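Spelled out from the first residue to the last, the chains are:
There are 2 protein chains.
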Amino acid sequence: MTITITAFERSPDGGKGLARDMRVRWALEEVGQPYDARLLSFKAMKEPAHLALHPFGQIPTYEEGDLALFESGAIVFHIAERHAGLLPDDANARTRAIAWMFAALNTVEPPIFDRDLAKVLERDEPWYEQRLRVLEDSIRKRLGDLSSRLGDADWLDGAFSAGDLLMVTVLRRLQGSGMLEEYPNLSAYVARCEARPAYKRAFDAQLAVLTAASTG
Amino acid sequence: MTITITAFERSPDGGKGLARDMRVRWALEEVGQPYDARLLSFKAMKEPAHLALHPFGQIPTYEEGDLALFESGAIVFHIAERHAGLLPDDANARTRAIAWMFAALNTVEPPIFDRDLAKVLERDEPWYEQRLRVLEDSIRKRLGDLSSRLGDADWLDGAFSAGDLLMVTVLRRLQGSGMLEEYPNLSAYVARCEARPAYKRAFDAQLAVLTAASTG
Numbered sequence: 001m002t003i004t005i006t007a008f009e010r011s012p013d014g015g016k017g018l019a020r021d022m023r024v025r026w027a028l029e030e031v032g033q034p035y036d037a038r039l040l041s042f043k044a045m046k047e048p049a050h051l052a053l054h055p056f057g058q059i060p061t062y063e064e065g066d067l068a069l070f071e072s073g074a075i076v077f078h079i080a081e082r083h084a085g086l087l088p089d090d091a092n093a094r095t096r097a098i099a100w101m102f103a104a105l106n107t108v109e110p111p112i113f114d115r116d117l118a119k120v121l122e123r124d125e126p127w128y129e130q131r132l133r134v135l136e137d138s139i140r141k142r143l144g145d146l147s148s149r150l151g152d153a154d155w156l157d158g159a160f161s162a163g164d165l166l167m168v169t170v171l172r173r174l175q176g177s178g179m180l181e182e183y184p185n186l187s188a189y190v191a192r193c194e195a196r197p198a199y200k201r202a203f204d205a206q207l208a209v210l211t212a213a214s215t216g
Numbered sequence: 001m002t003i004t005i006t007a008f009e010r011s012p013d014g015g016k017g018l019a020r021d022m023r024v025r026w027a028l029e030e031v032g033q034p035y036d037a038r039l040l041s042f043k044a045m046k047e048p049a050h051l052a053l054h055p056f057g058q059i060p061t062y063e064e065g066d067l068a069l070f071e072s073g074a075i076v077f078h079i080a081e082r083h084a085g086l087l088p089d090d091a092n093a094r095t096r097a098i099a100w101m102f103a104a105l106n107t108v109e110p111p112i113f114d115r116d117l118a119k120v121l122e123r124d125e126p127w128y129e130q131r132l133r134v135l136e137d138s139i140r141k142r143l144g145d146l147s148s149r150l151g152d153a154d155w156l157d158g159a160f161s162a163g164d165l166l167m168v169t170v171l172r173r174l175q176g177s178g179m180l181e182e183y184p185n186l187s188a189y190v191a192r193c194e195a196r197p198a199y200k201r202a203f204d205a206q207l208a209v210l211t212a213a214s215t216g
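As you go down the protein sequences, you meet chains V and D in turn.
Under the numbering used here, think of the first position of the first sequence as 1, with each following residue one higher.
Under the numbering used here, think of the first position of the second sequence as 1, with each following residue one higher.
If you're looking for bench data, these hints aren't it; they were derived computationally from the structure.
Check before you lean on any hint, since a few could be wrong.
Which copy? The list can't say, so a pair holds if one copy fits it or any two copies do.
In silico BS3-like pairs for lysine-lysine, Cα to Cα no more than 27 Å straight-line [as the list claims (entries may be wrong)]:
#	residue 1	residue 2
1	K141	K43
2	K119	K141
3	K200	K43
4	K141	K200
5	K46	K200
6	K141	K46
7	K46	K119
Given the structure is predicted, the values throughout are model-derived calculations rather than measurements.
Required output: the full structure, derived from the provided sequences and hints.
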């Protein structure tokens, strides 16, 4: 059954692979499932046809036969549940890997995403510098805890899992901030993920969209 | 096998049931599983014994035999996977209910949680009113989309599910703001959940902790 995902026609990150379709592309590459990407303009994302697929008018979505799905975490989980390679077989280890998926999106991502948002929306406000410091303190608190838990391990809990995949897509938003480098084991963890062949294929696929758009 | 969760010894919300243990208590009540609650001081939450259970030093955690779990979304999912009542049997409907779990925590919760945080941390800042307006605009965008999708339905997708449970715990944080009342179908949706016997039992259980603490 053909899998079709949606992605930005022109990603605001300029090809750094920070848009949320990257999570889904990477997960599909890890489990060896081919897919098509349907590209959307910002205008099309708010039109009824897309809102029927995604109630909040965002990307990515996922279509496979009569299943239509939204929310990147849920799509990655669906892929991980259907195909081997992203969740351990042992029941308790599987449950813990799922806990890391939720931790990435609900505990670690919010202050990191807020920082990106503030950098765009609040840059000219009088409170910008102070707000950035508050956000960076929250981020460091999360990174410190995450770094302590990871320690010398390669992955968050046993083998590489969908929990690592989501966590790394969150941490990558900090690249260029200098914050990740304060935690050498986290920098190495992100680099370890980026070196995976599936990651590279997904990264190249999202970059190819931008290259095609700019030469088209 | 005994289930033990952790919760605040003294919840900062004064018994409104907004702390994240409420999600887990409610899920356990929906599926009819008894549990013990171990209460933690803010100091104990940051000590090694608790950090071994929860890398970010928060509540709730979940212990059952040799499984130790953190992150409220993951705990609710674990309960929903093991016991009937919180996820549909049909594979596609189940996947969509899981999408709503992620949507509640990763798309709807962040601006709502930020508003609560700003009300505590930024109340005395000169930019407070302006920042609150920005956050409330983001929240209204999400509520508008959610209200459109819910329409006249009782629940987000077919029968009541763990997706509704998490969404309502997120929306309840807006009570008292007046924002929920701008979307009558969302107010009615929250009230419909609060009327569930399992919700009431969970609410009473978290309130009893505070009552005991204040008379103790």
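Checklist line | Status of K200 relative to K141 across identical chains (alpha carbons, at most 27 Å) | finding: Answer is neither: 30 Å inside a copy and 35 Å across each miss the 27 Å cutoff.
Item checked: K141 and K43: within-copy, between-copy, both or neither at 27 Å Cα -> between (37 Å within a copy, 16 Å between copies)
Margin query: My question is about K119 and K141: at a cut-off of 27 Å on alpha-carbon distance, are they close within one copy, between copies, both, or neither?
Written below: Both. Shortest intra-copy (20 Å) and inter-copy (20 Å) distances satisfy the 27 Å Cα cut-off.
Check: Between the shortest in-copy and the shortest cross-copy C-alpha distance, which are at most 27 Å for K46 and K200: within, between, both, or neither?
Finding: neither (31 Å within a copy, 38 Å between copies)
Next item on the list: Using 27 Å as the alpha carbon limit, work out where K141 and K46 are close: within a copy, between copies, both or neither.
Entry: Between. Shortest inter-copy distance 12 Å satisfies the 27 Å Cα cut-off; intra-copy 36 Å does not.
Item checked: Intra- versus inter-subunit Cα pairing at 27 Å for K200 with K43 -> neither (30 Å within a copy, 43 Å between copies)
Notebook entry, point to check: Checking K46 and K119: alpha-carbon separation at most 27 Å within a copy, between copies, both or neither?
Noted result: within (24 Å within a copy, 31 Å between copies)
The structure fails to meet hints 3, 4, 5 from the earlier list, while all remaining hints are met.
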